[in-house]
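Participant: Residue-level listing of the chains:
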Amino acid sequence: MTTVDKCPVAFPLRQPGQSFPPPQYLQFRKQQGLVSTTLPSGEHVWLVTRHEDVREVLTDPRISSNPSHPGFPRAAKTGGVPSQDEVPGWFVALDPPEHGRFRKTLIPEFTVRKVREMRPAIQQIVDERIDAMLAAGNTGDLIADFALSVPSLVISTLLGVPHADRDFFETKTRVLVTLTSTDEQRQAASKALLRYLNRLIVIKQKRPGDDLISRLLADGTLGKQELSGVSMLLLIAGHETTANNIGLGVVTLLSHPQWIGDERAVEELLRYYSVADLVAFRVAVEDVEIGGQLIRAGEGIIPLVAAANHDGTVFERPDEFDPSRSARSHVAFGYGVHQCLGQNLVRVEMDIAYRTLFERIPTLELAVPMTELPIKYDGVLYGLHSLPVRW
Amino acid sequence: MRIRVDTDRCVGAGQCVLSAPDVFDQDDLGIVMVLAEPADEPAREAARQAGVICPSQAITVGES
Numbered sequence: 001m002t003t004v005d006k007c008p009v010a011f012p013l014r015q016p017g018q019s020f021p022p023p024q025y026l027q028f029r030k031q032q033g034l035v036s037t038t039l040p041s042g043e044h045v046w047l048v049t050r051h052e053d054v055r056e057v058l059t060d061p062r063i064s065s066n067p068s069h070p071g072f073p074r075a076a077k078t079g080g081v082p083s084q085d086e087v088p089g090w091f092v093a094l095d096p097p098e099h100g101r102f103r104k105t106l107i108p109e110f111t112v113r114k115v116r117e118m119r120p121a122i123q124q125i126v127d128e129r130i131d132a133m134l135a136a137g138n139t140g141d142l143i144a145d146f147a148l149s150v151p152s153l154v155i156s157t158l159l160g161v162p163h164a165d166r167d168f169f170e171t172k173t174r175v176l177v178t179l180t181s182t183d184e185q186r187q188a189a190s191k192a193l194l195r196y197l198n199r200l201i202v203i204k205q206k207r208p209g210d211d212l213i214s215r216l217l218a219d220g221t222l223g224k225q226e227l228s229g230v231s232m233l234l235l236i237a238g239h240e241t242t243a244n245n246i247g248l249g250v251v252t253l254l255s256h257p258q259w260i261g262d263e264r265a266v267e268e269l270l271r272y273y274s275v276a277d278l279v280a281f282r283v284a285v286e287d288v289e290i291g292g293q294l295i296r297a298g299e300g301i302i303p304l305v306a307a308a309n310h311d312g313t314v315f316e317r318p319d320e321f322d323p324s325r326s327a328r329s330h331v332a333f334g335y336g337v338h339q340c341l342g343q344n345l346v347r348v349e350m351d352i353a354y355r356t357l358f359e360r361i362p363t364l365e366l367a368v369p370m371t372e373l374p375i376k377y378d379g380v381l382y383g384l385h386s387l388p389v390r391w
Numbered sequence: 001m002r003i004r005v006d007t008d009r010c011v012g013a014g015q016c017v018l019s020a021p022d023v024f025d026q027d028d029l030g031i032v033m034v035l036a037e038p039a040d041e042p043a044r045e046a047a048r049q050a051g052v053i054c055p056s057q058a059i060t061v062g063e064s
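Which chain is which? The protein sequence lines are C and S, in order. To convert, note that position 335 of the first sequence is 335 in the numbering used here; the numbers rise steadily by one, no gaps. To convert, note that position 18 of the second sequence is 18 in the numbering used here; the numbers rise steadily by one, no gaps.
Next up, chain S with everything else stripped away, as it sits in the complex (with noise of 0.2 Å):
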């Protein structure tokens, strides 16, 4: 799995975080960082999810 952001399209709402804490977190000024490759299926789902809701689509998540 591959998980691509945009910082610049972030509207830091927060949305990853709350779908994969493991995955995501928001720095110091709320814009989406990438913690970490999710490390099980149960992970790579949640990353999917906040690929699917972010509300400014920063977050691409690639399967390959």
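Pulled out of the complex, with its shape left as it was, chain C reads as follows (with noise of 0.2 Å):
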């Protein structure tokens, strides 16, 4: 075991003129222990940069989710999740056991065969946001007119979330997933989605439909607050993150035409962008050894998954976009119980969205030169604001 490495960083790390990931998770992922460092908020945590530490921390059961521990990394300013408290039924903030009721409640709604249903819905949507963008002329923003409206409309449809309340919570959204955003702002925007969706779960009571809040409903598992929460972070993971992956992906098949169409591609953008870097926050209930670092009771932690994924002991050459490797063992989605539960639905989009829009937009390119992207520094989630196209 290591003494404390004192050696702070600058957190995040991720910075205008950087390359992605960032180049110090290399001289981290060789360090002994593991990197200490200090957030915005003042709070001490612990970086953990390698693929089988950041493994060993999603899954050790001394090293808790929820922030009512205290030591949890509040990270006002680095994107801080709700806690149950805040938001019932926000279960990513929630350990085993309790957990558990909440997984199990909606796993058999995001299987691989039920996602597999889902892809003539998904096709359509994507259809019908491919056939708006050629009406519009030819040129456009990919993010706002794609990348963003395709898992927006399907994790839409998939709750039963109006369509025509896209701008509110997709708005709303922005703001959680800012870095910059105030706590106040914060908020603000996670009380509005909170009421709007109790409204909603209020009108499915009276007329339920063919979509999963009214499954639900209808199970009666989770409580109606609970209900809110869930279908809360729901809408809001299912379409953040899967707008970034797919806004970048497009970026990287265009400089990489070969695998347009190999469904390999889907899982090495996953590995090599890990959007979700800053989104797994921990703390140690009790003394634990990572890494050869004894980590304290009360401290917390911060498994970086684009660091894991990076780790060049696992993936050769790991910072090539080389999709003939086998990625399949990254962490993009996290690992242990909290596991993307919409990881499925994910790769689906991400696969139908480039097969669809390359095939049917084949002329499609950047409309600026890719050094001008505006990439998200101000955001939980790496991506990009903006991705101007022509064809």
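Careful, some of the hints might be misleading.
What the hints assert, rightly or not - Simulated pairs of lysine to aspartate or glutamate, EDC-like, Cα-Cα distance not exceeding 16 Å:
#1 C:K104 - S:D27
#2 C:K104 - S:D6
#3 C:K114 - C:D211
#4 C:K114 - S:D28
#5 C:K191 - C:E226
#6 C:K114 - S:D25
#7 C:K104 - S:D8
#8 C:K191 - C:D210
#9 C:K104 - S:D28
#10 C:K104 - C:E226
It is worth saying that the hints were derived from the structure and are not from the lab.
Make one complex out of these two single chains by using the hints.
Facilitator: Below you can see the structure in the form of structure tokens.
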């Protein structure tokens, strides 16, 4: 066991002008023990960057996802997560066994088979978005017109959220996933979304539809308050993360056209970009040793999945986009009991989005130089603010 | 090869079904089930991969 290696680094490490993932990750992975840093909020946390260590952090029962434990990184300025007290049903903030009740209720909706059955509906949404792009002329913003609108329409269809309310929930979500939002802005956005979903649930009680919220209401396992929180979580997670993945993937496939239509590209894109690098926050509830580092009970931990997914001991030439590799052991969706519930939906959306986009608009190209693409340095999730394209 | 699954641990991510669709499936509740022992080496390799990437470590693959 090494002694505490106090070497504070700035956080988050993703900074304008830098490549992604942050080049310091390479050095951190080589360092003995873990990396100590101080969040903008003043809290001390441990950064975990090696693939093996990240998997350990995400599976060790002595490490908790529950923000109500003392020492949990509140991370006010790094995209804090609500706690179960703030949003009942926000089950990513629960540990086993409480977490299991929510997860088990939702799993049947997101199985590989269920998601496969959604393919025709997703295909239709993708086709309609492309129809709209083509009808609007020969230029556009691929993020707003496609990468965001597709997953937003898919998740709202699945949940039973009216498409007309897209602007509302996308705008509120953006506040939640922007690092520069204040606590007040974040709380207001969170409350507005909850109020909206509470109202929607009352409507669904009176007039159930063929949608996930209506099915969960009929099932009755989750209370109404819990159902609002669960719906909010699925709505947010369902559109924002996928939007970033689709947008970044289009840029990469434009410069690697030989991989268009190859399903292995999706898994490699997930690994390569690891957009949810800053999503998993944890706290040790007992003393625990990870990567040769003693973590004391009450100390915060941030496993960085982009760092793990670029660990050269697991992925050869990790900074190269190479779909021929086996990328399946990536942790872009996390690891452990909280691993992304919607991951199979994300894969299918990305697959259909790329295949259809490049087939129907074969002359698609960037309308600005690659170096001028506006990267979300202020985002909890890595991605692009916009993606000007022409065809 | 001996494959054991712990249905209590399973969190229904479906990774095993993606990796080794001939070996694993999800039941109506989304929980892992073993369809059949791997028939050949590619299927055995796929089952090993499923064991390694299962997020809840619910799959044990024994070589004997």
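Participant: Could you run down the list of hints and mark each one as holding or not?
Facilitator: Verification of the supplied hints:
A C-alpha spacing of about 12 Å is found between C:K104 and S:D27, which places the hinted pair at or below 16 Å, so the restraint holds. A C-alpha spacing of about 14 Å is found between C:K104 and S:D6, which places the hinted pair at or below 16 Å, so the restraint holds. Note on C:K114 and C:D211: the hinted pairing holds, with a Cα-Cα distance of about 13 Å set against a maximum of 16 Å. For the proposed pair C:K114 and S:D28, the alpha carbon gap of about 10 Å is at most 16 Å, so the pair holds.
Distance hint between C:K191 and C:E226 is fulfilled; the C-alpha atoms sit about 14 Å from each other, no more than 16 Å. Taken as a hint, the C:K114 and S:D25 pair is honoured in the structure, with Cα atoms around 12 Å apart against an allowance of 16 Å. The hinted pair formed by C:K104 and S:D8 meets the criterion: a straight-line CA distance of about 10 Å does not exceed 16 Å. With a CA separation close to 26 Å, the supplied pair C:K191 and C:D210 exceeds the 16 Å bound.
For the proposed pair C:K104 and S:D28, the alpha carbon gap of about 11 Å is at most 16 Å, so the pair holds. Under the criterion of a C-alpha separation no larger than 16 Å, the hint pairing C:K104 with C:E226 is consistent with the structure, at around 14 Å.
In the structure shown, a violation is registered for the earlier hint numbered 8 alone.
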